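K.L.:
This is what each chain is made of:
There are 2 protein chains.
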Amino acid sequence: MRLTWILSSFMFFMSSLTFGQDAPPLALMPWPATVKNLPATGQMVIDASFAVGLEKHSDARLRRTVAIFLDDLRRHTGMLPLDFSVSAPEKAQLTVHCGHPSKEVPELGENESYTLEVTPSGAKLSATTTLGVMRGLQTFLQLLETTQQGFAVSAVVIEDKPRFPWRGLMIDSSRHFIPVDVIKRNLDAMAAVKLNVLHWHLSDNQGFRVESKRFPKLQGMGSDGLFYTQDQVREVIAYARDRGIRVVPEFDMPGHSTAWFVGYPELASGPGPYSVERTWGVLNPAMDPTRETTYKFLDTFIGEMAGLFPDQFFHVGGDEVNGKQWDANPQIQHFIRAHGLKNNAGLQAYFNTRVQKLVAKHGKTMEGWDEILRPDLPKSIVIQSWRGQRSLADAAQQGYRGLLSYGYYLDLMNTAASHYAVDPMSDAAASLSETDKKRILGGEACMWAEYVSSENVDSRIWPRAAAVAERLWSPQNFTDVNSMYARLDRINDWLDAYGVTQNTNYDVMLRRIAGTEDISSLRTLVDVVEPVKGYSRANLAVSEPTSLTPLNRVVDAARPESAAARRFSTLVDAFILNPANSAAEPQIRALLAQWRDNPEKIRPLAENSSLVQEVLPLSQNLSALGAAGLQALDYLHRGEKAPAEWETQQRAVVQQAFEPKAQVLLMVAPAVQRLIQASAGENATGLPIPKSALD
Amino acid sequence: MRLTWILSSFMFFMSSLTFGQDAPPLALMPWPATVKNLPATGQMVIDASFAVGLEKHSDARLRRTVAIFLDDLRRHTGMLPLDFSVSAPEKAQLTVHCGHPSKEVPELGENESYTLEVTPSGAKLSATTTLGVMRGLQTFLQLLETTQQGFAVSAVVIEDKPRFPWRGLMIDSSRHFIPVDVIKRNLDAMAAVKLNVLHWHLSDNQGFRVESKRFPKLQGMGSDGLFYTQDQVREVIAYARDRGIRVVPEFDMPGHSTAWFVGYPELASGPGPYSVERTWGVLNPAMDPTRETTYKFLDTFIGEMAGLFPDQFFHVGGDEVNGKQWDANPQIQHFIRAHGLKNNAGLQAYFNTRVQKLVAKHGKTMEGWDEILRPDLPKSIVIQSWRGQRSLADAAQQGYRGLLSYGYYLDLMNTAASHYAVDPMSDAAASLSETDKKRILGGEACMWAEYVSSENVDSRIWPRAAAVAERLWSPQNFTDVNSMYARLDRINDWLDAYGVTQNTNYDVMLRRIAGTEDISSLRTLVDVVEPVKGYSRANLAVSEPTSLTPLNRVVDAARPESAAARRFSTLVDAFILNPANSAAEPQIRALLAQWRDNPEKIRPLAENSSLVQEVLPLSQNLSALGAAGLQALDYLHRGEKAPAEWETQQRAVVQQAFEPKAQVLLMVAPAVQRLIQASAGENATGLPIPKSALD
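The listed protein sequences derive, respectively, from chains A and B. Under this note's numbering, read the first sequence as residues 1 to 695, first letter to last. Under this note's numbering, read the second sequence as residues 1001 to 1695, first letter to last.
To be clear, the hints were calculated from the coordinates, so they are not data collected in a lab. Among the hints, erroneous ones may be present.
Said to hold, decoys possible - Cross-link-like lysine-lysine pairs, in silico, DSSO-like; alpha carbons within 27 Å at most: (1) A:Lys379 with A:Lys438; (2) A:Lys56 with A:Lys124; (3) B:Lys1213 with B:Lys1124; (4) B:Lys1296 with A:Lys184; (5) A:Lys342 with A:Lys324; (6) B:Lys1437 with A:Lys601.
Said to hold, decoys possible - Derived DEER-like restraints, expressed as beta-carbon distance ranges: (7) B:Gly1099 with A:Arg291: 26 to 36 Å; (8) B:Arg1185 with A:Gln148: 53 to 63 Å; (9) A:Glu607 with B:Ala1048: 21 to 31 Å; (10) B:Gly1099 with A:Pro216: 31 to 41 Å; (11) A:Leu577 with B:Glu1640: 47 to 57 Å; (12) A:Arg651 with B:Ala1048: 33 to 43 Å; (13) B:Arg1185 with A:Pro120: 38 to 48 Å; (14) B:His1362 with A:Asp242: 33 to 43 Å; (15) B:Gly1346 with A:Ala238: 49 to 59 Å; (16) A:Ser49 with B:Glu1107: 49 to 59 Å; (17) A:Glu90 with B:Glu1607: 53 to 63 Å; (18) B:Lys1296 with A:Pro120: 55 to 65 Å; (19) B:Glu1607 with A:Ser520: 25 to 35 Å; (20) B:Glu1107 with A:Gln148: 56 to 66 Å.
Values in this document were obtained by computation on a predicted structure and should not be read as measured data. Note that beta-carbon positions come from the ideal geometry of N, C-alpha and C, so glycine has one too.
Bound conformation, chain A alone (with noise of 0.2 Å):
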């Protein structure tokens, strides 16, 4: 059944290649389980009568989670408060069977799996736990459309279950401070898409982030004064928890702390003074594992933490140590060979080992980076790896638990696609025991904050990270990118509810950009391009960016993927496949003359701004693209091959269209060069065509 829904979604799509006009039957991200009763026979209206009823078990976590429902239902509707309330099962359109309540702090592993079933006349929620009930909540929301009739529910019976335990985003505060409205804004988006931890990386070289009172020169002098106070923790920890999400704070260390030694260089392992760090990378401060001082404070300090942060699991970093303060310093020299640790991998194993102590200590379970696995650590800590499935399978191999988080870096920018692509249980993985297996916990998506803002983190997060949220909950065998690319267009939108910026802030920052009010111009360019990928905007950079570099421009406020250059790619493979017969030429064509006269628009607004100036290269690239894909169409629509001359110009064009400008790459010169090629009487499909278009 579900096949056959794929299927026809992607003809569908592949036949109907109007932007977004319609929408896929079923809109839901992460798809579920199982999925029964598709094509849907009805729908259930929902009015202002709507009422939810509580069947069996009604504690109060439970009534929450229903008035948090019914308060997500208004947003998504725009109906009022009052009207929806939780009244008895018999007066109900939505009757929730929940089996008992989830435990007071969400904890790993807790049974996530619910029960769905809409009629026209009604619909039925049954959940083992309260965290259940949640997912099934949202589910049920993703269902909500618009007919004819209002706002209506398709009639559907789904099974559901995630597929791994713990389902996370990472949220680098560091680099750069995410106020609290921010995080908590995302922590709904993550609820939508069913994410259940907030991984809160809250120190680093560049801040440190969360008050200590016990160390109050932490945050008093290594925050710059952008810090969470502990109340605001609490209330990040009781919204998180209001909606079934788990949140580990992670404390770098022994690298990727200078900002602890501004306030207590006597952390360090080299003399200091320190003062909070404005670059990025790995850099020399760690601390000094040699000193029993060390161990004391940090025995003070992570019991303070583990008393405000009430998870089972407690990050301790570990990342990127490059040993040249503990070089430099002759006594830590001395203590690795007093105490045969061999080098300074020994010496943070040795830091390992002592921290994992204290960790355990206060009651927690450690988890790190790859780094921090060594054969002397005990089993239970868990090992977050940003190196990939074969470090995560060995880990496993080895008895430690493990999670993924290679391959789904947003800050690269790299498609939603690459990461739906990226499985925990893939590559070395794939071919562990099925003991081994179970310690793969799941994966979490990673927003490095060197290049983002509170104004645009949650583009870069949103929404490619429901992609990430998918893969981590649904069916493994569940890969189709057509079908979640068409529901995850639906989902960024879906999202504008909750108050994520995603879409929002992008128009926001052109006007400013542009410092006028028609930036259609601007808009028609920068809706094609996106930041160059992976670390190279720091090649890039004219100077060295810091964590002062404005983040204003437009490779700060372009999206980190183009969806209008992904259908223009679309349409152009649907055109070269049947050029002759295609409904796509005349968007193909609009599209390429819009880009062609762009630049004489945009000219006005450089002239007023700098921060277009820099962008009118690309403007004169696009352009050049637009031209050349004009030729390239006529000639296949006359059905007439371009002449080898004329080719072999339009690469070069093409050639210049690649090149990144501004640390933006135009996204859009493939799909022409492929017009170009295919004018050309060159195989020039990008995508793959799958046999169900062929056929």
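Following the hints, put chain B in place on chain A, whose structure we already have.
P.N.:
Just chain B, lined up with the frame of chain A:
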């Protein structure tokens, strides 16, 4: 000097005639008392080295003022924290000279004047008080422009002070609850346009919105759980104070008070029981002014609230008592006779006198709507007039201070120009003696909340409230509507930086209405409509609107004033003035064609959404206007007089388009009508064409 600028700005506006592509030289709003050095002769670049220095006085409040300013500067530039700082005056680009601290709690009539001098090498702001510094810093921010050199502030000399000391915005949190974060972002926007009073309408028939610890059933039974805790109230007051804004609470009595009676029916004049009111209008329940227990209750209540709200003024409402409960209660009628009070009006005067004594007992000055004005009240009270300048002038002549809200009701969906034309000193007030004139303190824009939710309230307040803000701050003779609109457009976008959603929620709401991402056709229609005016929405409703009626329709998303329609009207007038040689024609033609062709594009959306469906008749009307306008344009273009028969037919088309549908109006109908009239040889200019444009 100012006049020169206005004229040149208007000429500029008329000559460019591209939509918002260019902005007037200085986008200040409200316009300052005096602006020198225009046109600007240079600019001061704002980059990461920008710092503020404090001369002379530098207490904590002033430092906080500068910190908020720097945060605002970050929002408006996208430059990051930490690089801007408060430093020694000799290193600063902007030096602030503040005479002495303002009062701890802002007071009516405090000095808000300032002088701002910007040169290419530096800027200096001088003010007598911290409040003046706040106002001057907002002006400095508004001078910010994007330039070829990055962000810069124009060289200028400004001497400024407000015309009126009381410049308010009333927000009704009772009819629909407005959450704290919405209030706070509106305080930011108020500060940006130098409004200095938040009048907070906190109780009415539909909800009692403040936590009372003395009478917890007020919010416990009278608010559906939607109320501000006392901590939240303090948070809002502190936030406002940091921005130089006073917070005046209003607890409406003896009418508009059903919500009190849900928990305390013994306060009412009729037997009860009572429930939170869902309908609108002037309702019967009123407090019983004849019982001493009423005053005992109010004494305690006012005492509690006087402690919570530090402002000197305490608003007791007093409006719209219909007297029906009093008529129906023999004891009350007996009381009236026994005390020689003549009638219900006499009874209300008695009530007000008693309440005024309680307000005074708790150290506050009473404020109320027109109806409270009776000669036996002390001259200290303040009258807020919703009835007009006559009422205000009468009060002033009797020795009472007053402020104007007549003409400033934002909920009536009138134009910014109409609010801008209302002056507290005009009409009856114009002929007052100088002494009496001093009693007119200013005015308040009022956001009554029958048809607003947290989702669209910002779009009902902004940008129109900025026109009221200018009326109350700027010189009386500063009345150029074209200049006002040019600057209003800029301010509208400027406020984006504070997170007010008058721009961003428009697309979000339209996407929800359409249930899909591509809303361009829907936007083409909704861009040129406005909600019906005055109180006609209720009359045009299919069923009686209540506080439970969904606010999710096109009428709720549409802007109160269509900027697109206004600009179209300007284009049409420019064209009619000189059809043979007008740069406006191609733009008019493109718009008319877009409207004509829109129904086929919007239809697929309507097939999936009842909320789109209800505006299809408007879409047809707009299409007909487009077709009619194009024909008229052709006649005019050819210099040919349109046949009378054709004109008669088109008149019917326009008539159709004038009819409200789905509670919205097509705002381009008048301009198309003028085109048709002009094509038939009639005088058809709509806007008065200023002399300057005819030269």
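K.L.:
The structure should be examined with respect to each hint, and the outcome stated for every one.
P.N.:
Checked hints:
no.	hint	verdict
1	A:Lys379 with A:Lys438	holds (14 Å)
2	A:Lys56 with A:Lys124	holds (13 Å)
3	B:Lys1213 with B:Lys1124	violated (48 Å)
4	B:Lys1296 with A:Lys184	violated (44 Å)
5	A:Lys342 with A:Lys324	holds (16 Å)
6	B:Lys1437 with A:Lys601	violated (52 Å)
7	B:Gly1099 with A:Arg291: 26 to 36 Å	violated (54 Å)
8	B:Arg1185 with A:Gln148: 53 to 63 Å	violated (36 Å)
9	A:Glu607 with B:Ala1048: 21 to 31 Å	holds (24 Å)
10	B:Gly1099 with A:Pro216: 31 to 41 Å	holds (36 Å)
11	A:Leu577 with B:Glu1640: 47 to 57 Å	holds (51 Å)
12	A:Arg651 with B:Ala1048: 33 to 43 Å	holds (41 Å)
13	B:Arg1185 with A:Pro120: 38 to 48 Å	holds (41 Å)
14	B:His1362 with A:Asp242: 33 to 43 Å	holds (39 Å)
15	B:Gly1346 with A:Ala238: 49 to 59 Å	holds (54 Å)
16	A:Ser49 with B:Glu1107: 49 to 59 Å	holds (51 Å)
17	A:Glu90 with B:Glu1607: 53 to 63 Å	violated (35 Å)
18	B:Lys1296 with A:Pro120: 55 to 65 Å	holds (57 Å)
19	B:Glu1607 with A:Ser520: 25 to 35 Å	holds (28 Å)
20	B:Glu1107 with A:Gln148: 56 to 66 Å	holds (58 Å)
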